[in-house]
Amino acid sequence: MKKIKKSDTGHEELFCNTAPSGKYSKAVRTKRVYVDEKWCLGCRLCEYHCAHANSSEKDMVRALKDRTIRPRIHIESDEHISFAVSCRHCDEPICVKSCIAGAISKLNGIVRIDKNKCVGCLTCVLVCPYAAIAPSEDGPMQKCELCTQSRTGTPACVMGCPNQAILFEEVTG
Amino acid sequence: MKYVIIGNSTAAVGCIEGIRSVDNKGEIAVISSEQHHTYSRPLISYLLQGKTDLERMKYRDNNFYEKNACTLLLSQTATKINSSVRSVQLSEGEAVPYDRLLIATGSVPLIPPTPGQGTVKKQFTFLSLDDADALKKATGPDSRVLIIGAGLIGLKCAEGLHGRVKSIKVVDMADRILPSILDPEGSTLVQRHLEKEGILFYLSDTVSEYSGNTAALKSGVEIGFDVLVTAVGVRPNVSLAQNAGIEIRRGILTDSTGRTNLDGIYAAGDCCESHDISSDENRVLALLPNAYLQGECAGVNMAGGEKVFDNAIPMNAIGFWGLHIQSAGTYTGDVYRENTKQEYKLLYTKDGVLKGFIRIGKELSATGIYTALIRNRTPLDSIDFELICKKPQFMAFAAEKRREMFGITPGEEEGYLL
Amino acid sequence: MVKEGQQGNRIPSGCAVSAVFQKDGRRRNGEDIIRSIGLMHERSNGLGGGFAAYGIYPEYKELYALHVFYEGEKSKERCEEFIYQNFEVHSLSKIPTRKISQITDEPHIWRYFVEPFRRRLYESQIRDEEFVSRFVIKVNTEIEGAYIFSSGKNMGVFKAVGYPEDVGEFYRLEDYKAYCWTAHGRYPTNTPGWWGGAHPFALLDRSVVHNGEISSYDANRRTIEMYGYKCTLLTDTEVITYIFDYLVRRKGLSYEEVAKVIAAPFWSTIDEQEEAEKAELSYLRNMFSGLLVTGPFSIIVGFSGGILALNDRLKLRSMVVAEKGSAVYIASEESAIRLIEPELDKVWAPLGGEPVLFTLEGGAR
Amino acid sequence: MGIHYLYPDYEVLRNFDRCIACRVCERQCANDVHEYSVDIKKMAADDTKCVNCHRCVALCPTRALKIVKTDHAFKENSNWSAETIQEIYRQADTGGVLLSSMGNPRPLPVYWDKMLIGASQVTNPPIDPLREPMETKTYLGQKSTKIRRDKNGKILCDCAPQLELATPILFSAMSYGSISYNAHESLARAAQALGIYYNTGEGGLHSDFYQYGSNTIVQVASGRFGVHKDYLNAGAAIEIKMGQGAKPGIGGHLPGAKIVGDVSMTRMIPEGSDAISPAPHHDIYSIEDLRQLVLSLKKATNHQKPVSVKIAAVHNVAAIASGIARSGADIIVIDGFRGGTGAAPTRIRDTVGIPIELALAAVDQRLRDEGIRNNVSLVVGGSIRNSADALKAILLGADAVYIATSALLALGCHLCRSCHSGKCNWGIATQRPELAKRLNPNTGYQRLCNLVHAWTHEIKEMMGGMGVGSIEAARGNRLMLRGIGLTDKELEILGIRHAGE
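Chains as they are written, first to last, in this note's numbering: chain A, 1 to 173; chain B, 1001 to 1418; chain C, 2001 to 2365; chain D, 3001 to 3501.
Accuracy of the hints is not assured; some may be wrong.
[Claimed, not checked] EDC-like, lysine to aspartate or glutamate: derived pairs with alpha carbons at most 16 Å apart:
| # | chain 1 | residue 1 | chain 2 | residue 2 |
| --- | --- | --- | --- | --- |
| 1 | A | 106 | B | 1061 |
| 2 | A | 115 | B | 1209 |
| 3 | C | 2094 | C | 2031 |
| 4 | C | 2230 | D | 3158 |
| 5 | A | 38 | B | 1404 |
| 6 | C | 2278 | D | 3158 |
| 7 | B | 1121 | B | 1061 |
| 8 | D | 3154 | C | 2275 |
| 9 | D | 3154 | C | 2277 |
| 10 | A | 38 | B | 1400 |
| 11 | B | 1362 | A | 137 |
[Claimed, not checked] One-sided and incomplete, this derived list gives chain D residues near chain A with beta-carbon spacing under 8 Å:
| # | residue |
| --- | --- |
| 12 | 3004 |
| 13 | 3006 |
| 14 | 3018 |
| 15 | 3022 |
| 16 | 3061 |
| 17 | 3437 |
| 18 | 3443 |
FYI, nobody ran anything at the bench for these hints, they're computed from the structure.
Where is the CB? At the ideal position from N, CA and C, for every residue including glycine.
Please take these sequences and the hints and turn them into a complete structure.
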């Protein structure tokens, strides 16, 4: 597989001007989902694979037929451009720091939501600069947890992308 | 290194996590006048409502203190800070020495002096778990509740009590509800929504006198009630700091690292003043995210790390019966306004940046994109502002920016191994 | 019966090889070599055996010695007519043989000591060796029933259908004295058993005995045939002989250089060499790529004044070399050497693709 | 409709029980076959627009789609097939020449399938490629058998320029314009990674791809599009394209619609103008003219680059090849009649030219008979479909094979034979950016590498079976081939014996 070094992408700059406490934060090698907009076809298969992976049904038809899907990755597109948007699992996750219920945490590089604690106040929606958190069908908020909790165990959007526009890569973060 | 934290809420937790990101060894003592494991203060209305319970509203896991090696001193009130010998005097007589001290004493409710207040048997404030507990015990299906204050606390209290009491009436001296986060039109919109749920409002009015279970309003209206909740506001709890000689303005004054003017003493949370970058003014931002960020920043610096927190802004996400209100920043400058069936939206721009916004609607998504624009003071000419006004979206950003955010920098691909 | 090469009939065969070479030029008779090849009896199956001997005709050493099989009088007449048109014949005779029960159906076997007419050489504007080789190829392909199986100077090939030790007895090899003997016992996996198909195979003074079955056969054949050779027997030995003839005689390569062509090192090995060697190995392998021989072989090439032993690159066939004083022994099996010289100075198995070359001290005689 | 109406050849079958109306098919079909009906919340398909490229089928996440051949039929007639009848309707409609893409689909003999490869048993050991070296490295170029030595007797190792191939497979010419930028990038990167070559075709070389020059063969065709000095020097070799197997004797025509942006710049012709390659090179009307061009190109590149000449396999191919082998060219490429094309007149594609197997056998033998086989390397193309085809070609006498259709298939082509429409749903034969981006070169190059690796592995296995440890010992080793079900004449031309002999 491809080896990718993390660049100073300024991921944090959008929401948190606290100087990155680089030398104090623990460097964790983490795999993250990256999007290569150049190759996104806007087919939206990632959304469907995500919704399916996070359902309890083995068969996508049973899982998704006649339903409005609520994927944790979503495509923005216009006539010419399309790209997928999902949680960046930020080094300094503002959602974790802002959650009024203490329901969001980051463990092993993955930002997760404890649905049991979530009260649905939408503070996370207010603060997340990546628009990566949205309500689930049954109320509490949901977000991409890199399929650690899903049926597939490895990101379904990445596996389902027909054009390698979504990559699951290890970075030093 | 001995760390002492006065307070056990969000800022304190932020501080503990901040310290532990740098220092795994130092001792941490947490002094709390309450008797509870750290809990999510804003969740007390949800507790009333039954949407959460004591276990679930714990702000951190049960093993939080243990995991972070904290000594927890519950039901202990700090009475004095002796900065010359670096110790904190507790009400129980013991003095706790510190090398670094965090003051995170939060805020206390304001109770305006009103004639006859003493005659009200069941009266409460609504700031702590104990408040909520007491209020829960004091109310029943026949209770008529009078809430003084149509701000965030008063109205969340109203929502919390809704359904478990007979009636809820809200009095506020302002001419509209939620004046701190909404514009007049927005206030009206939300007020109508609350009224549909049976909440009665008495605005531009104040209680001139209580007499037992009756409140006489200045307007002449008399309201009978069984339970009174006073929620006109809070003020920073600064007396301890003040007595220690720490500089106080609207709240405790700190620099961007969380330091007060006294060596080794830091402060964070609702007891402090913040610099709101959207208005370029110092204000008390009694908001949970703000408390955490301040506490964490102070914690890192207390432990010898380096961190600054210098982009505080006001922001709020609140909802009542499915109607969500999200706002941030300062309402100043040019306004983009949208009022559709789905959403009521105001965006305020000034000096080429987004200063503030208000969104009201049943389904609000991606608001963080707006919030980030304010926080980062993103020049609006670097994005497609017209597009982003319609809806917060990344399409409005330059492709390069999107690549920074979501992608992999070209040239870093080292090639594939087969 | 379809002979070797007829109607495209190609017969792979397993074999035994053996050789004795005296570096000092001392000549010995054929008894030792017969015993040596005879020991490896089970490596042959009675369908072919033969010998090449160098230094046997000192009295005619400037003349080409043609050994010819004739199937009948008619072919003899035609061939001799052709010989007389092109050569001055200094001597001719039947090759002496001994009647033994193991060797039957022998053809007429004649020997001619000849010299090309100067006039013919001048007319054709070619050197005498080239002239003789073309003549041999022409006879063998065009004159039905005639087959020249030896055409060198001061050397001769003796071969027949039968076990090699019987072939040696048949040809009375105890009467010949040579400084170099090579021998071959054949185990063809098809059974035409034609005398011409026995080995050694020789062109001019270069003779080849070979054990193996080369997988590159048709690639080599189709390449060498571009240069005027005609592979009529479709045997490995034939094509290898032609390749040696082409590279040594016509291209002027040394025997070591020939080894770099036919048993070229693997590219990975070539890449490890220092620049000059790498360049030469690459050049030879690339330019003569059609002459790379793959598949198992162990060959012994006899020529005037020297002998070469070579294995395929992977050493898929056994071959042992030994020395005792100025005698050199090469054989498929060590026992075949020990039988005739139990006390050896040195015995070794050459590596795959590593040529072992010996020449007479003081040059060819 | 009426007389113009042709019932579609293929029908889109949708299993509505499985369709979740995700609309991926709709978004992915450039031919607008699929459409979502909002009112009934169902997908619908217009079969008349379907080219049977399988894009929708491949991307449907619930396997709700398949394409089937219609059972709509004309009255049975062995002489007048449905296809023949419909072609007449179309021509009667338009008065035009019928156009097609990709290779000849007719059921003509495929000689590869009538040749079998040998293997060692007992007398000669098979070689296990996992244990022993198994070499596929090949050099293309003139082989000099002259041995010259310096004064110390060292052999002088100077020879004509050679192309080194890690494996005897090259990607054959497909122009930028006929295929997309991303397809070219995939080919270029794969060629580099594999240690082989790809070919620019006659569309010039995009400046982005000069970096792959050492693995590039630049083509000079009759239109001379994109040819200039830097271009000639950018590649590792130059190929003069005299003909193409899919359409011998005619030129090319890339419609102006495809001459956009970089394509126009790379070809050095104005945007929107048709790129017409003449049938002949108008400076080559004879073999001696060809020789002049070969020498001119060598001169222009300081004799550093091998020059190849590509011809279509036609009736007298052996004689033509003999002429080329004496022209100074280093490599002869022969393209068989099953070779692909971005667009060709159907009649020509299907009826002109001869099979590559016979052409190769004839040319190789002819050059050997004339003793000039070493003057040139021989590369053949025109439907090399698998590693066995490639090895059979080498056993017949080729030095290496060109693959194009196989490479395109690896890139996703489903052989719908609609390249000429410019709406390739797989992002290959198109210049529309939204379609071209469907071929991610990261994927494409990887798949090409995989394909060639796989073939090389298979070739090594078969070589091992034959006991041939190096590819040059397989070249022209026709004894390793046997015919099956072939006539004496066919066997004679192929120069092989029948199975069992």
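Going down the list of hints, with the structure as the test:
no. : hint              : in the structure
1   : A:106 <-> B:1061  : holds (13 Å)
2   : A:115 <-> B:1209  : violated (46 Å)
3   : C:2094 <-> C:2031 : violated (22 Å)
4   : C:2230 <-> D:3158 : violated (30 Å)
5   : A:38 <-> B:1404   : holds (13 Å)
6   : C:2278 <-> D:3158 : holds (13 Å)
7   : B:1121 <-> B:1061 : violated (37 Å)
8   : D:3154 <-> C:2275 : holds (13 Å)
9   : D:3154 <-> C:2277 : holds (10 Å)
10  : A:38 <-> B:1400   : holds (11 Å)
11  : B:1362 <-> A:137  : holds (14 Å)
12  : 3004              : violated (33 Å)
13  : 3006              : violated (31 Å)
14  : 3018              : holds (5 Å)
15  : 3022              : holds (5 Å)
16  : 3061              : holds (5 Å)
17  : 3437              : holds (6 Å)
18  : 3443              : holds (5 Å)
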